[in-house]
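Note that the sequence shown covers residues 2 to 154 in my numbering.
Bear in mind the hints are in silico, worked out from the structure with no lab data behind them.
Quick reminder that beta carbons are idealized off the backbone N, C-alpha and C, glycines included.
Just so you know, not all the hints are guaranteed correct.
[As the list claims (entries may be wrong)] Simulated restraints on C-beta separations:
hint, residue 1, residue 2, range
1, 12, 56, 37 to 47 Å
2, 75, 55, 38 to 48 Å
3, 83, 21, 34 to 44 Å
4, 38, 16, 23 to 33 Å
5, 118, 19, 42 to 52 Å
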Amino acid sequence: MTECKRRSRAGRLPENPIRRVRIAARLLREHHGELAAWLETAVQEHIRQGTDMDKALGFAGTLGRTPRFDVLRVQRNRLLSRALRHLHGDMRALHREVQLYLERVPEHLKDRQQPDAGWSAARSLIHRASHQGLGLPATLDGLRKALRNMGCS
Numbered sequence: 002m003t004e005c006k007r008r009s010r011a012g013r014l015p016e017n018p019i020r021r022v023r024i025a026a027r028l029l030r031e032h033h034g035e036l037a038a039w040l041e042t043a044v045q046e047h048i049r050q051g052t053d054m055d056k057a058l059g060f061a062g063t064l065g066r067t068p069r070f071d072v073l074r075v076q077r078n079r080l081l082s083r084a085l086r087h088l089h090g091d092m093r094a095l096h097r098e099v100q101l102y103l104e105r106v107p108e109h110l111k112d113r114q115q116p117d118a119g120w121s122a123a124r125s126l127i128h129r130a131s132h133q134g135l136g137l138p139a140t141l142d143g144l145r146k147a148l149r150n151m152g153c154s
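Given these sequences and hints, build the entire structure.
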């Protein structure tokens with residue numbers, strides 16, 4: 002019996018990440034064939050053509066719009082939408098709160114992972130939205146566009 006067979010029988014994953022992805026694809030086949038095929042195709046493209054895995058899996062977007070960006074944008078916009086609800090749906094009030102946050106909150110408070118305990122719910126949500134890493138829409142039109150573009154990610 003080879004070392005590889007002994008390890009797989011003992012339930013240990015191989016160290017090679019390509020082999021790990023292949024095992025995941027194999028395990029997925031009977032439950033979700035399309036997802037398994039996506040993984041298997043990406044691995045084959047990586048092995049045969051030398052394509053980076055992030056590109057083969059579709060993580061490397063074009064024009065700076067990666068799947069990661071889309072997920073972060075949706076999370077930021079949902080937080081801004083929740084802040085808007087705390088402001089009774091008043092978009093101008095949200096814009097004022099965002100401007101106050103951007104212009105008057107000291108950088109050391111903005112840099113904290115958690116919002117200040119004394120902040121309003123709306124400001125706390127704005128703080129969390131800013132921590133998505135995409136910046137905050139600074140104009141009223143930008144906020145309107147962001148909240149129209151909620152996405153499904």
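query = Looking back at the numbered hints, which does the structure fail to meet, lowest number first?
reply = 1 and 2
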